[in-house]
Amino acid sequence: MTKLTMKAAICEQPGEGDVLQIRDVICDDPHELEVRVKLLATGICRSDIHYLRGVWAHPKPVILGHEGCGIIESVGPGVPKSRIGEKVVLTFTPACGHCRFCVVGRSVLCEEVARAAAQGTMWDDTTRFSELDGRPLHHLSLVSSFCEYTVVPHNGAIRVDPDENPEEACLLGCGAMAGIGAALNTAQVRPGDSVAVFGCGGVGLSVVQGAKLCNALPIIAVDVRAEKEAEARRFGATHFVDASKADAVEQIRAITNGGADFTFEATGIVETAELAYKATCRAGTTVLIGQPGETALAGFPPYGIAQDENKVIGSSYGSTRPMIDFPKALRLVKHGLLDLHSLVSDVWPFERINEAITEVETGRKNRIVLVFGDENASGSHHHH
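According to the numbering used here, the residues represented by the sequence shown are 1280 to 1663, in order.
It is worth saying that the hints were derived from the structure and are not from the lab. Worth double-checking, as some hints may not be accurate.
[As the list claims (entries may be wrong)] Taking lysine-lysine pairs in the PhoX-like style, the calculated list, with each CA pair at most 25 angstroms apart, reads:
hint, residue 1, residue 2
1, Lys1282, Lys1366
2, Lys1339, Lys1317
3, Lys1557, Lys1590
4, Lys1317, Lys1360
5, Lys1339, Lys1286
6, Lys1557, Lys1524
7, Lys1339, Lys1282
8, Lys1286, Lys1317
9, Lys1360, Lys1282
10, Lys1339, Lys1524
11, Lys1366, Lys1317
12, Lys1366, Lys1607
13, Lys1613, Lys1366
[Said to hold, decoys possible] Derived Cβ-Cβ restraints for the label pairs, each shown as a range:
hint, residue 1, residue 2, range
14, Arg1362, Tyr1582, 51 to 59 angstroms
15, Arg1414, Arg1394, 45 to 53 angstroms
16, Gly1384, Trp1335, 25 to 33 angstroms
17, Phe1579, Gly1384, 24 to 32 angstroms
18, Gln1398, Phe1579, 32 to 40 angstroms
Small disclaimer: the values here were computed from a predicted structure and weren't measured. Glycine included, C-beta positions come from ideal geometry on N, C-alpha and C.
Just need the whole structure built from these sequences, with the hints factored in.
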């Protein structure tokens, strides 16, 4: 094995320009129980943009990106050589397997993952990326997919079928699973439960799909952009509320006859979280998915919550267990019960990453997926 020189998009110290710098850097060999992956496709998520813009702090310089699909190129000690050549989707929640959250089956909250992610390192506190002069570069959440190669824990690379479309499969790494899992895993919506989803971006539309999979009824999509209606309905919404015109809470209460059993907040806006709570019925559940700034506070009435036995719960990455949920989601895709294809607004070459970030920030696009190398930009995906 050898250290590789590769192209990567680097996020520098804040204030050194709000764009990623594409340049050659070094990707080290995988260490014990790690694999090195040649990336085929990566999605751009709002979280990446939050780190780039300094909304959330992260050790810098860092290679961002956490929705990745690729091929295992080499393996470190302790990983079977037979894994070389596997097509994999990367996950930022690989389980350490021995902390208290992993042991009770809530690996999305793994303490070792949280520790490494906060440091921007691998589990051994070191990094596999460096500048050509040897200065280290940080990892993002044990993934880092804005680069041609990456090194991840062996259980952070989840095997998928060789014929799986990387441009769609990579979305399981964050946006799609965050939404689908919020309905299936976190809330465990039952057939006939009423659902309202605030925000129709990639995550919100995935919640709508998840609610449809659960046979929820009605499924009310809420957004301030009227033009989101057609898409929301395509993904399974039975109703649409234009929150820029109407009182969304009033509308939802009218449609559901008193409030939804479940409301999902998928914008990360504090005021929207408060609206979502107000739109639930007595004993209803508000699921908070979107993440505002780390110190943001919302107001919920203790009297009403106690009196009506309401629940306000958080959903981190859809309470996803990647080794179980990725293959399940892809089976559902294969059988036409889940649509990842329509979540992809555009497929662009990796070189256009800064342009893509600007485009995602407008809020008009669900997901822009970047592909690596000329052989991938073959137009295997139709561009909406």
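Against the earlier hints, flag every one the structure doesn't satisfy and list their numbers going up. Per hint list: 10, 15 violated.
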